[in-house]
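Asks: Assemble chain B onto chain A, guided by the hints.
Protein sequence lines, in the order shown, are assigned to chains A and B.
Last residue of the first sequence: 203 (this note's numbering), numbering continuous.
Last residue of the second sequence: 203 (this note's numbering), numbering continuous.
Calculated directly from the structure, the hints in this document are not laboratory data.
Among the hints, erroneous ones may be present.
A pair holds if it fits inside one copy or across any two, identical chains being indistinguishable in the list.
[Stated by the list, open to error] Here are the simulated DSS-like pairs of lysine-lysine, each with C-alpha atoms no more than 25 Å apart in a straight line: (1) Lys35 x Lys139; (2) Lys22 x Lys88; (3) Lys134 x Lys118; (4) Lys22 x Lys139; (5) Lys184 x Lys22.
All values derive from a computational prediction rather than experimental measurement.
There are 2 protein chains.
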Amino acid sequence: MLLYDDAIAPTPRRVRMFLAEKGVEIPRRMVTIGKGEHLSPDYRARVPSGRIPALELDDGTIICESVAICRYIEELHPEPNLMGRDAKERAIIEMWQRRMEFELLLPLAGVFRHTHPKMAALECQVPAYAEAQKPQAEKRLEQLDRDLAVTNHVAGDRFTIADITAFTTLSFFPRLCGIVIDGKLPNIQRWLADIGTRSSASA
Amino acid sequence: MLLYDDAIAPTPRRVRMFLAEKGVEIPRRMVTIGKGEHLSPDYRARVPSGRIPALELDDGTIICESVAICRYIEELHPEPNLMGRDAKERAIIEMWQRRMEFELLLPLAGVFRHTHPKMAALECQVPAYAEAQKPQAEKRLEQLDRDLAVTNHVAGDRFTIADITAFTTLSFFPRLCGIVIDGKLPNIQRWLADIGTRSSASA
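Bound-form chain A, shown alone:
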């Protein structure tokens, strides 16, 4: 297997953190999005969609989409379990993982993509859209803070892929969006510090 990876973007980091939690190492090839290497003919010949991360299997099959890659890894290396031990727990963890993507990552990414100077070349920026998304992201952060007052982790009382999605999202986007996670969000602060102590947090 070969993992196409980028050192900066939060989505490839989700896969690296997942692998680190599993203690699994996969050979990696770095494809620097910031240099446009994901758009190069060489990369597109291997991964037509040009997306990063991508996992190339030994038979040449390409798997894109970080969650699909993580699920494949989970099936090959079931322990430590990160996506659920039975049908009900898998559904609950997937629900929370998706909430972190659709309700937290997307509005934050919307603010970033539509305001940050580095995204101007890649995105038809609509600053008014970012202005509308920012309060939604802030409201969702307040909800996450309330949830983390009740549970130690995003999907309940143990670390799962939902924490990885939320952690990589909150380690990257807020500071680029002018959003500060401060004492008004004490439970997110506690949770970020807690996740930050895991060795996978440096992945």
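Replies: This is chain B only, laid out in the frame that chain A set:
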């Protein structure tokens, strides 16, 4: 189990179509989004997020997120298989399912939410954002048309959850976004007609 459902919105339809393919019936309670019933104190007492669809298990557990609900149903009723028979196929189908969500459903929903009069009360509409999303949706439709020239279905040669996501998306959004699926997208037309003959298409 009890399924909270809405007759109009495309996301609850994904679950209905999935259940119809499985031949599984679950008691349903209709919660009409158009009347704001999902925001009522009664519904929020049962489903705090107010999202539709939601599956209430017999122990009171609430599972939201259509794909999480579908995966739970898939595990309870494995046949006919709609999400993959082994780790590799499950990863490939999840990749395509997510592509249909993030690359097709999201830009189309962006156009709809930011232009349609019915959404004005629910969304801080930014028409310029819709203008920017529309060509992205059209470009992604052209890509889907090219892909469907090679395979009979979205994730390969058999019907899967990726077809359900794409079909419910394309049955709902384009006409509300001023996008016509005509002879310029012949493979999508053929695929839509094919999926439309399935009994689950009326779910």
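Asks: Look at each hint and say if it fits the structure.
Replies: Quick rundown of the hints versus the structure:
no. : hint            : verdict
1   : Lys35 x Lys139  : between (34 Å within a copy, 24 Å between copies)
2   : Lys22 x Lys88   : both (22 Å within a copy, 18 Å between copies)
3   : Lys134 x Lys118 : both (18 Å within a copy, 23 Å between copies)
4   : Lys22 x Lys139  : neither (33 Å within a copy, 38 Å between copies)
5   : Lys184 x Lys22  : neither (33 Å within a copy, 47 Å between copies)
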